[in-house]
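As they're listed, the protein sequences go chains A and B.
For the record, in the first sequence the residue sitting at position 178 is 178 according to full-length UniProt numbering, with numbers rising by one throughout.
For the record, in the second sequence the residue sitting at position 404 is 404 according to full-length UniProt numbering, with numbers rising by one throughout.
These aren't lab readings, by the way, just hints derived from the structure by calculation.
One should not assume that every hint holds.
No more than 27 Å apart at the CA atoms, straight line, and that leaves these computed lysine-lysine pairs for DSS-like [what the hints assert, rightly or not]:
| id | chain 1 | residue 1 | chain 2 | residue 2 |
| --- | --- | --- | --- | --- |
| 1 | A | Lys4 | B | Lys394 |
| 2 | B | Lys124 | A | Lys3 |
| 3 | A | Lys92 | A | Lys67 |
| 4 | B | Lys246 | A | Lys3 |
Protein chains: 2
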Amino acid sequence: MEKKIMLDENEMPDRWYNILPDLPEPLPPPLDPETNEPMKPEKLEAIFPKELIRQEMSEERYIPIPKEVRDIYLLWRPTPLIRATRLEEYLKTPAKIFYKYEGTSPPGSHKPNTAVAQAYYNAKEGIERLTTETGAGQWGSALAFATRLFDMECRVYMVRTSYHQKPYRRVLMELWNAEVIPSPSNLTESGRRILEKDPDSPGSLGIAISEAVEDAVKNDNTNYSLGSVLNHVLLHQTVIGLEAEKQLEIAGVEPDIMIGCVGGGSNFAGLVYPFIRKDGVEFIAVEPESCPTLTKGEYRYDFGDTAGLTPLLKMYTLGKDFVPPPIHAGGLRYHGDAPTLSLLVKHGIVKARAVAQLDTFRAGKIFAETEGIVPAPESTHAIKVAIDEALKAKEKGEEKVIVFNLSGHGHFDLKAYQDFMEGKLS
Amino acid sequence: MEKKIMLDENEMPDRWYNILPDLPEPLPPPLDPETNEPMKPEKLEAIFPKELIRQEMSEERYIPIPKEVRDIYLLWRPTPLIRATRLEEYLKTPAKIFYKYEGTSPPGSHKPNTAVAQAYYNAKEGIERLTTETGAGQWGSALAFATRLFDMECRVYMVRTSYHQKPYRRVLMELWNAEVIPSPSNLTESGRRILEKDPDSPGSLGIAISEAVEDAVKNDNTNYSLGSVLNHVLLHQTVIGLEAEKQLEIAGVEPDIMIGCVGGGSNFAGLVYPFIRKDGVEFIAVEPESCPTLTKGEYRYDFGDTAGLTPLLKMYTLGKDFVPPPIHAGGLRYHGDAPTLSLLVKHGIVKARAVAQLDTFRAGKIFAETEGIVPAPESTHAIKVAIDEALKAKEKGEEKVIVFNLSGHGHFDLKAYQDFMEGKLS
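Looking at chain A on its own, in the form it has when it is part of the complex:
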């Protein structure tokens, strides 16, 4: 069997997979925070373009990928599916481990799959400026990259601690001409309200979302863009799984276990959703123990942001005011989860598992040593569980096929690995 399975350009999917028609029950609708009634699509037009609202609600199973988006995807897509033969040998497991590698995109992660699509639809509807929030900077840099390619302006509210501790992702965003603002800021009412109470507030993703949404509402020709959680965001990521489907077919195997890490759910959904109707596959969503939304959260309506400006979503949540400890997998520090993923977990179709930070870095180091690729701290969560499952397969003598999503490289996270190697992590 080949080590790496590539697809030709013309084998890149020309449509995304929409899970809405295949959910086990209808998705509870987003609620208007002013009325507590189902949100009217028109109201969402204050911050989203019509086409993305349509996709958010669509019941069509497949949605075509526009040529303009495909042209940019081609810069790094199709991405490789790689058999982790060296890791298998190291573990002495009979399992076959495959990973889909999304780290070859210019910003280094899966995030541009949706950033490019969102920038495109906004530009097409005449929007000239996008706002968003970012924690560690993976999403912000993806949107900066995408808006640049469509000649749009971009403002990123970056969680203040990250702004100061992780200057390099900020530089990356600025290289793509985005304006990066430490959040909470004085530029919005939501920001000022926080700063009045606590001038030294370190910020949080919830606060930054409030600022970005407020900015989009109040400014002309400006929309807001979200990097995870919403249906249309997860939809755009399914290009990952649709490619993987063809690649596994070429490899001549059927997956037994599919794994992805979860912050809001977009990289997990991207790999897994196109396989969700397949029988006999175990789907495992991996989250950090320190932000155990799916494993310890409540399934209920909650806000997406701290100030309560967003629609209410039915999801697993730790509460909108939950501030997760500053783990290095910044992309997994979110109080809620995608409503579609939450529903699948509630129905037991997807299993959730929480893992400890130190174990994920150990797994990441083993992966770097065997497969040669240094994974992002977020992705190490998937690796940790892939290793656990491969060892279980070894115990039972089973030739399981394990597939996980390597959502990004760790080249921007070497400080975290340094802390790990120096024994400074807990």
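Once you've looked at the hints, dock chain B against the given chain A.
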């Protein structure tokens, strides 16, 4: 025409191209520093494996790539050839600009093409440990990556200023289990001699080479590995140009101008050498104004290192004691150049051009804004000249085909871009 031209796995070259039989005159032999006579191959066995010495002297035009090396290449090869359509539009040039992108390898540059081959041949001949030097860390991280995959030990002498200023490449090397020593160190005589004179010596590539060579000579089962300059190193890089040859054929174009940046010459040679016998192609080697080896150096025998431990090579050199200013393109700070490239420049087959640091960063930013990829500071030298040539083509209304090597991504160099954007560079 396609934006990106990919090759299938089975189209990856199965042999390297050796330029020695095609040089315009026989290559002046390396000289033994003790006798000033041509170096006896046996003497090189103190630090190199037999097969690499054979390749260094070989007159065969093609040398097979071993399966074990190809298997690892497949992790990231074949690499894409991309048409820079957005850059062309920005420049409003009739020229067609293509770049070969080597930044998708796990260490992020072209360097593993030879690191993997060198580790393989050494391991095959029973060597258990390799030493080397590194400036900014691109080469050191490539060798750390390669030795890890062949279960070898690796010690990297890293120029002390870089060791302290660029901790992240060091962390990357340590993640792959290499031992990284700031140079000059107390571990070698060469290092101690420098430290006696100047305890605060910032180090240099020449000093670090002396330390690494001495370490290899004095320790059992240890060899030395060089990341550029030597024939066998440039040979291994030709996999780049051999792929590009097939890709340009698929694109249906013939190159008019081919461009690469030059430190020691390996990424330039990698792209260009397979095309060197082609008529009517202009080959441009780009170096920094601050280290103008090819444009202002002397063509004569000189040492590869500062202490004078290496054989003497006939090359363009600024003198073994030349210490280039601390520009950000650390990979281009070397006093000498590959003997084969020097000979081609002397014969006018390859033209050399020196460019200013500030201009290269401006070119890098334009490239990031248009093509979306943030280039390594080394690679921006090639981009700067590609842009210049595309503008010349525009002036003359010529549809030139310009091909350059994008040797690595700039994800580890964001501090340099930050300094540039803040106006701190000169």
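Against the structure, the hints come out as follows:
1. A:Lys4 <-> B:Lys394: Since the Cα atoms of Lys4 of chain A and Lys394 of chain B sit roughly 41 Å apart, the hinted pair is violated (cutoff 27 Å).
2. B:Lys124 <-> A:Lys3: Status holds; Cα separation ~22 Å.
3. A:Lys92 <-> A:Lys67: violated (44 Å)
4. B:Lys246 <-> A:Lys3: Answer holds: Lys246 of chain B to Lys3 of chain A is near 22 Å, not above 27 Å.
In the structure shown, a violation is registered for the earlier hints numbered 1, 3, in ascending order.
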